[in-house]
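Enquirer: With the sequences and hints as input, model every part of the structure.
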Amino acid sequence: MATEWKIASDGLTYTFKIRQGIRFHDGSALTAADIKATYDKIIFPPQGVRSVRKNAYTAVERVDAPDPSTVMFKLKFPSASLLDNLASPWNVIYPKKYLDKDPNYFKTNVVGSGPFRFKNYSRGSTFEGERNPDYFVKDRPYLDGYKFFISPETSVRAAAIRSGRAYIEFRNLPSAEVEAIRKQLGDKIVVQETPMTGEWGIAVNNVAKPFNDVRVRKALTLGIDRYSMSKVLYPLTGLKFVGGLMRPGSDWAMPQAELEKLPRFGKDMEKNRAEARRLLAEAGYPNGLKVVLKNRNVKLPYQDFAVFLIQEWRKIGVEVEHRPLETAAWFSDGQDTGNFELIVAPAVEFMDEPDQFLGRYATGSTQNWGRFSDPRIDDLFSRQARTLDPIERKRLIGEMEKVVLDNAYFMPGLWWSRNLVHWAKVKNYVAPPNHYTNQKLQDVWLSED
Amino acid sequence: MTTQPRRHRMLCTLVLLALLAGAAIVATPSVVQAAETPRRGGVLLAVIGADPPSLDPHQESTFANIELVAPLYSTCFSSTPITTRKSSVTWRLSGRLRPTD
Numbered sequence: 001m002a003t004e005w006k007i008a009s010d011g012l013t014y015t016f017k018i019r020q021g022i023r024f025h026d027g028s029a030l031t032a033a034d035i036k037a038t039y040d041k042i043i044f045p046p047q048g049v050r051s052v053r054k055n056a057y058t059a060v061e062r063v064d065a066p067d068p069s070t071v072m073f074k075l076k077f078p079s080a081s082l083l084d085n086l087a088s089p090w091n092v093i094y095p096k097k098y099l100d101k102d103p104n105y106f107k108t109n110v111v112g113s114g115p116f117r118f119k120n121y122s123r124g125s126t127f128e129g130e131r132n133p134d135y136f137v138k139d140r141p142y143l144d145g146y147k148f149f150i151s152p153e154t155s156v157r158a159a160a161i162r163s164g165r166a167y168i169e170f171r172n173l174p175s176a177e178v179e180a181i182r183k184q185l186g187d188k189i190v191v192q193e194t195p196m197t198g199e200w201g202i203a204v205n206n207v208a209k210p211f212n213d214v215r216v217r218k219a220l221t222l223g224i225d226r227y228s229m230s231k232v233l234y235p236l237t238g239l240k241f242v243g244g245l246m247r248p249g250s251d252w253a254m255p256q257a258e259l260e261k262l263p264r265f266g267k268d269m270e271k272n273r274a275e276a277r278r279l280l281a282e283a284g285y286p287n288g289l290k291v292v293l294k295n296r297n298v299k300l301p302y303q304d305f306a307v308f309l310i311q312e313w314r315k316i317g318v319e320v321e322h323r324p325l326e327t328a329a330w331f332s333d334g335q336d337t338g339n340f341e342l343i344v345a346p347a348v349e350f351m352d353e354p355d356q357f358l359g360r361y362a363t364g365s366t367q368n369w370g371r372f373s374d375p376r377i378d379d380l381f382s383r384q385a386r387t388l389d390p391i392e393r394k395r396l397i398g399e400m401e402k403v404v405l406d407n408a409y410f411m412p413g414l415w416w417s418r419n420l421v422h423w424a425k426v427k428n429y430v431a432p433p434n435h436y437t438n439q440k441l442q443d444v445w446l447s448e449d
Numbered sequence: 001m002t003t004q005p006r007r008h009r010m011l012c013t014l015v016l017l018a019l020l021a022g023a024a025i026v027a028t029p030s031v032v033q034a035a036e037t038p039r040r041g042g043v044l045l046a047v048i049g050a051d052p053p054s055l056d057p058h059q060e061s062t063f064a065n066i067e068l069v070a071p072l073y074s075t076c077f078s079s080t081p082i083t084t085r086k087s088s089v090t091w092r093l094s095g096r097l098r099p100t101d
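Chains B and R supply the protein sequences, listed in that same order.
In case it helps, our numbering puts the first sequence at residues 1 to 449.
In case it helps, our numbering puts the second sequence at residues 1 to 101.
Warning: the hint list may mix true and false statements.
Chain B stretches covered by chain R per the calculated footprint, using a threshold of three residues with CB under 8 Å from any CB of chain R [what the hints assert, rightly or not]:
hint, stretch
1, 50 to 64
2, 124 to 136
3, 184 to 190
4, 200 to 213
Chain B stretches covered by chain R per the calculated footprint, using a threshold of three residues with CB under 8 Å from any CB of chain R [as the list claims (entries may be wrong)]:
hint, stretch
5, 76 to 89
6, 107 to 119
7, 163 to 173
8, 327 to 334
9, 424 to 431
No lab work stands behind these hints: they were computed from the structure.
Everything numeric in this text was worked out from a predicted model, so none of it was measured.
C-beta: ideal position from N, C-alpha, C; glycine also.
Expert: Below, the structure is given as structure tokens:
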């Protein structure tokens, strides 16, 4: 909805012109005041309101709406990433009047201005939207509506594609399922495989026993053979690439040779496991220990990932009770409360952008599941965010990664790859390297029903 | 303070590169789709692996939220997808920004 923008020569003021004539689904006009209210909620959330990605906007001092068609972001320091982060698909615009009454209103209500209007949601069953005839983009959307069927079971979702009950699975299907579908349906099916801007790892509760002891944390991360994990889990889950905290192959990633010098990424697993057992004994667990691993009840890739971890940790004397939780409980009884010892924790973002990926390791971030606080990390995160020279920024990012990994504050697992499967009659959907962007469906059409 | 002019130049260069590359990328899909005329109507049937913990994308970080509600909303800007290939994991960020339609 922004039609143009201007960046002041000092890099401290971004001015956006907003398209006029856009209406929310309740009929009210969308103006710059709504955009300001939305971004105030994201960047400066009121007490009691969570904002998952506010660390991506540390450069912003304030947001102004001087007139109905102008929004200005005033910065504290020039930012290398602000434009990228303003393009977040998560930053949907809300009408100010509802936020004024209740900033949590949109947890249970929808008043958007998108190509589709909310139609129906039946928990555990379906979610539907219908065409918005007043959408501000001329002649869009093409579709009359969309309908999602909900199932945590990979086999059920794959069967839905095979039978034609569903035309697309936006997130991912394992390559074994994809091959079976392709064999059955041939050219009626299109598979788009891309890398994925996401990693599966393990968050560790750093503030409670036994993982407030760095030796125990190091032992567990040393005990994971990530190279074998990739071979075993790729066909089942798409989990594939060994890497650090930025995606392997991306501009910001630690070079593989450098990564392998870190003890827990070395390939000599006998040596790693011996060191893990030594650390556990030194920490007071010569006979190993028992821990609980919380997880999400979604099979792909959470459950298979956990099964592999449990087998790996048994080899160093760590017995794991696996406790899968429904999605809402995985957040409310895990991430939100810190009520866990270990919990499967993905780090997925919509771009290979350091502020997005690294903000979760800063003190107090809502995505800092492990609740650790290290002033070196906070300082390096802050410095990289204000460094415009990409070479210097990458150096700071590498330093920050080493602090996180050396202290095993978070245990990386594997970076994902994406198999997007859809019927060939679904047209004009290009799969980006994650399932967060390009989800508006305004340009998607069906060549037949 | 002495680094400010260099920073400004770099920022301007980044933004310019973003705009130029964005223009090139936006042109690509229209070429790919040129042979087919979009058909109107129909309901896209999809399948998803979880219920949303809430409907507010600002407060959530799961596919189970954004896949379901993204079509209901607008954003100020969007990032444009680039077709990526199985053999390549190199994916540049710059040039992916463009004003929304």
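Enquirer: Could you work out which earlier hints the structure fails to respect and list their numbers in ascending sequence?
Expert: The structure breaks hints 3 and 4; every other hint is satisfied.
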